[in-house]
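Peer 1: Given the coordinates of chain A, work out where chains B and C should sit on it, guided by the hints.
Chains as they are written, first to last, in our numbering: chain A, 32 to 161; chain B, 67 to 731; chain C, 225 to 369.
Calculated directly from the structure, the hints in this document are not laboratory data.
Any given hint might turn out to be false.
[What the hints assert, rightly or not] Dumping the calculated BS3-like pairs for lysine-lysine here, alpha-carbon to alpha-carbon at most 30 Å:
id: 1; chain 1: B; residue 1: Lys730; chain 2: A; residue 2: Lys116
id: 2; chain 1: A; residue 1: Lys93; chain 2: B; residue 2: Lys550
id: 3; chain 1: A; residue 1: Lys116; chain 2: B; residue 2: Lys466
[Unchecked claim] Covered stretches of chain B, as calculated for chain C (at least 3 residues, CB under 8 Å):
id: 4; stretch: 160 to 167
id: 5; stretch: 179 to 191
id: 6; stretch: 688 to 701
id: 7; stretch: 717 to 723
[Unchecked claim] Reference excerpt, derived from the structure (chain C facing chain B, CB under 7 Å, subset only):
id: 8; residue: Phe231
id: 9; residue: Val236
id: 10; residue: Gly252
id: 11; residue: Ala260
id: 12; residue: Lys263
id: 13; residue: Ile264
id: 14; residue: Ile265
id: 15; residue: Cys269
id: 16; residue: Arg272
id: 17; residue: Phe277
id: 18; residue: Arg280
id: 19; residue: Ala286
id: 20; residue: Ser303
id: 21; residue: Thr354
id: 22; residue: Ala355
id: 23; residue: Gly357
Even glycine gets a Cβ: it sits at the ideal position worked out from N, Cα and C.
Below, each chain spelled out in residue letters.
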Amino acid sequence: MENKNERRREEILRISGVNPRKCMKCGKCSATCPSYDEMEYHPHEFVYMVESGELAPLLESKSIYKCLTCFACVERCPRGVEPAKLIEAVRLTVIREKGANHLKADDIPAKLDEEIPQQLLMSAFRKYSK
Amino acid sequence: MQRIGVFVCHCGTNIAGTVDVVAVAEALKNEPGVVHSAEYQYMCSQAGQDLIKAAIKEHNLSGIVVCSCSPRMHEATFRKTAAAAGLNPYMVEIANIREQCSWIHKDMASGTEKAIILGKAAIAKVNLNTPLTPGESPVTKRALVIGGGIAGIQTALDIADAGFPVDIVETKPTIGGKMAQLDKTFPTLDCAACILTPKMVDVAQNEKIRIFSYSEVVDVRGFVGNFDVTIKKRARYVKEDICTGCGLCTEKCPQKKVPNEFNLGMDNRRAIYIPFAQAVPKVATIDADYCTMLKTGKCGVCAKVCTAGAIDYEAKDEFIEEKYGAVVVATGFNPISMDKFDEFAYNQSKDVITSLEFERLTNAAGPTAGKLLRPSDGEHPHTIVFVQCVGSRCEACAEKGKEYCSKICCMYTAKHAMLTRDKYPDTDVYVFYIDVRTPGKAFDEFYRRAVEEYGVHYIKGMVGKVSPEGNKLKVQASDLIAGKQLHIDADLVVLAAAIEPDKSARGLATMLTASMDTNDFFTEAHPKLRPVESPTAGVFLSGTCQGPKDIPETVSQAGAAASKVIGLLCKDKLTGNPCVAQSDEMMCNGCSSCERVCPYGAITYSDKEFRMPDRTTKIRRVASVNPAVCQGCGACTVACPSGAMDLNGFKNNQIMAEVDAICKM
Amino acid sequence: MQDVTNFKPLIVAFCCNWCSYAGADLAGSNRLAYPADVKIIRVPCSCRVNPMFILRAFQRGADGVIICGCHPGDCHYTSGNYYARRRMSLLFSMLDYLGIERDRTRVEWVSAAEGAKFAATMNDFVEKVTALGPNKRLEDLRCKK
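In isolation and in its complexed conformation, chain A is listed as follows (with noise of 0.2 Å):
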């Protein structure tokens, strides 16, 4: 059990590349949310979440799709921490946990249309082929 947190945890740290030791626990990053009242974890208590190891109340939590990647926080972080792309780290393992959300070079001609946007099939890989 102990062993599963922890590689969730560096799982989340990796996906994200961020590092939450940086932060300096200042809460600007909460301070700016446009979602703060909808959340009920808020982006400082990710930061701080994630960094203790307490990743269970994360992945259960509503919040992580609450958040809405306006990337405000990290626009305004001093220490330059960047909240959303954990919190998007942490919806992505929630998502890769529920299996079969991954993506192969292979399955792109059977979904292939000809209005996707190029832009999309490479956001796609980028997010499910990790």
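Peer 2: The following block gives chains B and C in isolation, referenced to the frame of chain A:
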């Protein structure tokens, strides 16, 4: 060939206990160059030293090796002994057979063997030693202080007090600096003007101090004790010696729309002005950018009203050259620009101000005569939000903020909050903080008083956004302890802007070859033990040019810098360290590698004429080392690709000889 | 075949005058033992150490060379140890290329207060070099007596 004497010390049993000293003396006897070898109980004692002196005379020694304790202990002692016997003190080498041999090796055999090798290495080195004479240079007994804020003022007063002449160079028309703009000072709440202006008057009246106001340093040459400085005295179009400072011209000047920088642009002044009532020197200055007479030639009102006849529209910049023995940098700080912090709406609303602007708003001599009124509509604000750490501790935003803590903001914000609640108890005051940092005598008590006695609301968390709506400022912030987001309708938002070194510091550092850190603060010679000296000899640091500081710290540092300057100026001559780098001009290829690595700017290049073997002459660019500036680190010797640069006392061949002696098993 | 059990390495240590040499003195004052194989050469600053000195030591039969300087940021001459660090990393990678084991060379920061660290460093270094055996690759046999 040298005639070397070897002296092995027993140091009681300290060395003799684990090293067979007699065997060492015996073994070293046959080394090349050795003509005498002896051992004695205590070489550093008077009897031991006499023994060395006698041997030098008797055997006509040209160099000596003392196998004893660490050179850090007694090198100076034995050098003096040698000098007393007529030997050059730099012909002495020490083999450290106590700290680095007998004390750490318990085995007699290996200890003795190592002691012999260390002795051989020292003999090999001394064989290549040459007599060295420390250079001497005179000291100009005058100091230059760059910057006329509280740091510069205090340093100048202290140096002048010791009887040395001092010149202060200040870019503004008056001395006084940032402190002159402040209202009250923490933690005692003395009025800044009441404690600063008497000092300014002292400076003006001190016969030893000259003030070059409205001036700047444009060139520095020379080195410790002998700086040649060029000062540019900008034309102020008013004769300083004639102007009485009556201020009539500043009232009659028709050009009224000049932003008053002393009040940070919150009101206007005339084109001819005296920054503030207590200015020193109290002389008017014409702002050439706005003066109608200087721009179009049509006005001349000030010249007409001036009864003293001090106005001179034809004035030109003057250049003054002066010699100094020491230079003190006291260039101070400025708050950083708030232009890039869009989230705080500084550029969108007049009611978002910086703390220094707040200082002027509460100052009796400020634009509102000390009444706290909103800059936009002149109304009394009922809700004030203070935001700390704006741009400080901002690692991610290097293009707009600063990575360091600005140190003074926590205290002045507590002061502002407290004074506001004291004067206007009907005002709600919020302070948003990340951490409250109040180390200092009576500092934390001061902050707690603001909270406990004056009811200032301290909220842990940062403000995320300030948006002007109507005549209110919507402040969105998070309260991290309550875990909720706050929305406050504020009347006034005060930003505790980070402070940065004055922009002039960078150019000045280049002129002085003084080093700076990445934030443009001057670096000290040692962060703990030499905090007021720059690594460049003869350059001293005072005040915030070295790092963020409050007034008490600045004043103590200013005094410390002054005492270092006095210590330098008291000397008639400076004796250098002869172990400095030396360039062989015949080998130098003029590549500048050494000049680039030298941390002291001791190396200069010049074109020299050389006679070639074929009797022609050739001009070559070669390096030369100023022995008064060189500290002898040796960085240049390794950087030199042609092997022209060498370090006296630690020459390449000397170290090679030591290596060889050690490796010759 | 060299008798490995009796092999005593020859170690040359370059110590800067202001920190590491004082650290070595402190190790002595505190009677912290390290092998007599270590011979210290005093230099004003680690940046005085010319890579030539190190090559010369290896050529003359040294089995390991260690350079000790002040901690980064504490250099008496402000930046000397940074120069040393860069020069040595370059030299060491060249030695690596020549087949000289990395463990035969080292740069270590020892302050004047770190006598214990100095002794520990030397013990560790001597142990590593002893394990490697004698330096044969760079030793110039013509230099042998």
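Peer 1: Work down the list of hints and note, for each, if the structure agrees.
Peer 2: Against the structure, the hints:
With a C-alpha separation of about 62 Å, the suggested pairing of Lys730(B) with Lys116(A) is violated against the 30 Å cut-off. Restraint check: the Cα-Cα separation between Lys93(A) and Lys550(B) comes to about 18 Å, which is no more than 30 Å; the hinted pair holds. Annotation: proposed proximity of Lys116(A) to Lys466(B) holds, straight-line Cα distance about 23 Å (limit 30 Å). A stretch counts as covered by a chain when three or more of its residues have a beta carbon under 8 Å from one of that chain; for the stretch 160 to 167 of chain B and chain C the count is 5, and the coverage holds.
As drawn, the stretch 179 to 191 of chain B meets chain C at 5 residues by the rule of a beta-carbon pair under 8 Å; at three or more, the given contact holds. With 5 residues having a beta carbon nearer than 8 Å to a beta carbon of chain C, the stretch 688 to 701 of chain B meets the requirement of three or more and the stated coverage holds. With a threshold of 8 Å between beta carbons, the proposed coverage of the stretch 717 to 723 of chain B by chain C holds, since 3 of its residues qualify and at least three are required. At its closest, the beta carbon of Phe231(C) sits 13 Å from a beta carbon of chain B; the interface hint therefore is violated under the 7 Å criterion.
At its closest, the beta carbon of Val236(C) sits 6 Å from a beta carbon of chain B; the interface hint therefore holds under the 7 Å criterion. Interface hint status for Gly252(C): upheld, as the beta-carbon distance to the closest one in chain B is roughly 3 Å, under 7 Å. Checking Ala260(C) against chain B by beta carbon gives a least distance of about 4 Å; that is within 7 Å, so the hint holds. Checking Lys263(C) against chain B: minimum C-beta separation of about 5 Å stays under 7 Å; hint holds.
Interface restraint check: Ile264(C) against chain B, minimum CB-CB distance 5 Å, threshold 7 Å, status holds. Interface hint status for Ile265(C): upheld, as the beta-carbon distance to the closest one in chain B is roughly 5 Å, under 7 Å. Satisfaction of the interface hint for Cys269(C) is found here, the shortest Cβ-Cβ separation to chain B being roughly 4 Å, below the 7 Å cut-off. At about 3 Å, the closest approach between the beta carbon of Arg272(C) and any beta carbon in chain B falls short of 7 Å, and the interface hint on this residue holds.
Given hint, Phe277(C) at the interface with chain B, holds; its Cβ is 6 Å from that chain's nearest Cβ, closer than 7 Å. A hinted interface residue such as Arg280(C) counts as satisfied when its beta carbon comes closer than 7 Å to some beta carbon of chain B; here the least separation is about 5 Å, so the hint holds. Of the supplied interface hints, the one on Ala286(C) holds, with its beta-carbon coming within about 5 Å of a beta-carbon of chain B, less than 7 Å. A cut of 7 Å between beta carbons decides the hint on Ser303(C): the least distance to chain B is about 5 Å, and the hint holds.
Because the beta carbon of Thr354(C) sits about 15 Å from the nearest beta carbon in chain B, more than 7 Å, this interface hint is broken. The restraint placing Ala355(C) at the interface with chain B is violated, with a minimum CB-CB distance near 20 Å, outside the 7 Å limit. A distance limit of 7 Å between C-beta atoms decides the matter here; for Gly357(C) the minimum to chain B is near 16 Å, and the interface restraint is violated.
In the structure shown, a violation is registered for the earlier hints numbered 1, 8, 21, 22 and 23, in ascending order.
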